[in-house]
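Student: Everything in the sequence shown is counted per this note's numbering, starting at 12 for the first residue and increasing by one.
No wet-lab data here; the hints were simulated from the structure.
All values derive from a computational prediction rather than experimental measurement.
The C-beta atom is built at its ideal place from N, Cα and C for all residues, glycine as well.
There may be inaccurate statements among the hints.
Derived EDC-like pairs (lysine to aspartate or glutamate); straight-line CA-CA distance at most 16 Å [unchecked claim]:
1. Lys95 / Glu49
2. Lys43 / Asp93
3. Lys95 / Asp42
If you anchor each label on the Cβ, the simulated ranges turn out as follows [claimed, not checked]:
4. Ser63 / Leu88: 49 to 55 Å
5. Glu60 / Gly38: 55 to 61 Å
6. Asp69 / Leu30: 41 to 47 Å
7. Asn78 / Ala98: 46 to 52 Å
8. Phe34 / Leu55: 16 to 22 Å
9. Ile74 / Val48: 32 to 38 Å
10. Thr33 / Gln62: 27 to 33 Å
11. Arg32 / Leu108: 15 to 21 Å
12. Ser31 / Pro58: 34 to 40 Å
13. Glu14 / Arg107: 42 to 48 Å
14. His46 / Ala76: 36 to 42 Å
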Amino acid sequence: SGEVGKGIYDVFAHLGTRLSRTFDVGGRHVDKIRHSVEPEVGYLYIPREDQSDLPQFDRLDRIEATNRLRYALTNRLTARLDSKSGARYHEFLYLRLS
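Can you make the complete structure from the sequences, with help from the hints?
Tutor: In structure tokens:
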């Protein structure tokens with residue numbers, strides 16, 4: 012029928028966790044501060060495939076081979092604010108290194 016399709020598999024894995032500790036500040040408005048650390052690791056693999064028999068109209072028509080390791084570390088500081096209407100939470104620091 013003249014139809015041509017392409018199929019390439021990819022493999023992706025992601026692993027992450029969250030470690031946190033709450034510190035008692037005992038301040039006038041800020042009761043507690045929680046520090047969270049979130050390490051992450053990710054891996055992406057796309058094998059090299061011959062695509063020369065397929066038409067190429069633009070760059071998106073080719074799927075490039077990839078073998079990539081990605082890692083990141085996220086830090087968060089969240090404050091518990093006490094008020095007459097109850098406790099509120101405010102994330103006042105978000106730092107992501109990747």
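Student: Hints first: check each against the structure and report whether it holds.
Tutor: Hints, verified against the model:
| no. | hint | in the structure |
| --- | --- | --- |
| 1 | Lys95 / Glu49 | violated (32 Å) |
| 2 | Lys43 / Asp93 | holds (9 Å) |
| 3 | Lys95 / Asp42 | holds (13 Å) |
| 4 | Ser63 / Leu88: 49 to 55 Å | holds (53 Å) |
| 5 | Glu60 / Gly38: 55 to 61 Å | holds (59 Å) |
| 6 | Asp69 / Leu30: 41 to 47 Å | holds (44 Å) |
| 7 | Asn78 / Ala98: 46 to 52 Å | holds (47 Å) |
| 8 | Phe34 / Leu55: 16 to 22 Å | violated (37 Å) |
| 9 | Ile74 / Val48: 32 to 38 Å | holds (35 Å) |
| 10 | Thr33 / Gln62: 27 to 33 Å | violated (53 Å) |
| 11 | Arg32 / Leu108: 15 to 21 Å | holds (19 Å) |
| 12 | Ser31 / Pro58: 34 to 40 Å | holds (39 Å) |
| 13 | Glu14 / Arg107: 42 to 48 Å | holds (44 Å) |
| 14 | His46 / Ala76: 36 to 42 Å | holds (40 Å) |
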